[in-house]
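K.L.:
So you can see what is in the structure, the chains are spelled out below.
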Amino acid sequence: MKAKEGVINILNKILTADLTAINQYFVHAKMCENWGYDRLHHKVRERSIDEMKDADELIGHILYLDGVPNVQRMNTVQIGETVPEQLKTDLKTEQEMLTLLSEGVAHCTKVGDFTTRHMLEDMAKDVDTHIDWIETQQELIEQVGLENYLSEQIHKEG
Amino acid sequence: MKAKEGVLDLLYKVVTLELTAVHHYLLHASLCDNWGYERLHHEFHEHMTEETTHVSKVIGHVLYLGGRPDVQKLGAVSSGQSVQDLFNADLKLEQEDVTLLRDAIAHCAKVSDFTTRHLLEEMVVDSEEHVNWFETQLRTIAQVGLENYLGEQIKK
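Protein chains in written order, with the numbering used here: chain A, 1 to 158; chain B, 159 to 314.
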């Protein structure tokens, strides 16, 4: 399949954002583990794995469109030194990702690439879920206080 | 835990190399998938999973030692036009990895950090297995010919 104009470029930008997010979440998950927040460790690691699956899908799709996936490039990884900081930088990363995906969806509609559009829409749905989760955590901290919130993160759910 | 001298710097290098390997295999798995080599696609995926586990362990250990893992840096990721290109690039990377791990193990022994040494020793076992796997593939290609080899990679 030959790609429509501009599509590969957009896919590579999303891929870069994804690869950056994988590493950021990976380190955040590990830091939470190191601090003893087992629940957060698992939640954040899951997010990292989600991004990895997206990266895999993007690379596959770029190749399918006869493009060259760029796995060399990375944006700035933003590491938070505390749990609230981590939530803040992760939220920013997810919001930037959503903007990229929305632009991608709009562009694909314009050039009539509905397969790519469909894929990006699926990814945008995941990002929405991530944003929702992070915002909930921030809201919780606001309501119950950081210490109460953190003490609930020591045990894993279920 | 406070790290012994030089240990964190070596672990940072290991993180960069292992991350580079993850990106290598992520790309190479997809390329093989795109070319229709299902068996190789799965092999590369497994390699990627192993390298991800390594990254996870090393980052965890760096944090335990009070260090700050650098996940921003990445070595050169090679692509390729053929399966052999991929194998050659991967073999080179794994050989670099083995060399780095061996140096790090020797250093840990010198400064008596046996926990880190133990971790690295486990990793070097995997890396040597990877080197062996790539060498085997390249040797098989030399013996049976590229077309026969590739024909066997279509099905898992």
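No lab work stands behind these hints, which were simulated from the structure alone. Hints may be right or wrong, so weigh each one.
[Stated by the list, open to error] Some, not all, of what chain A presents toward chain B, calculated at C-beta under 8 Å:
#1 G36
#2 D38
#3 I59
#4 V77
#5 G112
#6 F114
#7 T115
#8 D128
Here a beta-carbon is modelled for each residue, glycine too, at the ideal position from N, C-alpha and C.
K.L.:
Given T115/A was flagged as interface, is its beta-carbon under 8 Å from a beta-carbon of chain B?
P.N.:
At about 15 Å, which exceeds the 8 Å cut-off, the nearest Cβ of chain B leaves the hint on T115/A violated.
K.L.:
Grab the minimum C-beta distance from G112/A to chain B and call the hint holds if it beats 8 Å, violated otherwise.
P.N.:
23 Å, violated
K.L.:
With a cut-off of 8 Å, does the beta carbon of F114/A approach a beta carbon of chain B closely enough for the hint to hold?
P.N.:
Violated. Min distance 21 Å.
K.L.:
Can D38/A be said to touch chain B, with a Cβ gap under 8 Å?
P.N.:
13 Å, violated
K.L.:
Does V77/A meet its interface restraint, that is, does its C-beta lie within less than 8 Å of any C-beta in chain B?
P.N.:
Hint holds; V77/A Cβ to chain B Cβ min 5 Å, cut 8 Å.
K.L.:
Does G36/A pass the interface check with chain B, least Cβ-Cβ distance below 8 Å?
P.N.:
12 Å, violated
K.L.:
Using the nearest Cβ pair, does D128/A come within less than 8 Å of chain B?
P.N.:
25 Å, violated
K.L.:
Holds or violated: is the Cβ of I59/A closer than 8 Å to a Cβ in chain B?
P.N.:
At about 4 Å, which falls below the 8 Å cut-off, the nearest Cβ of chain B leaves the hint on I59/A intact, so it holds.
The structure is inconsistent with the numbered hints 1, 2, 5, 6, 7 and 8, although it conforms to all the rest.
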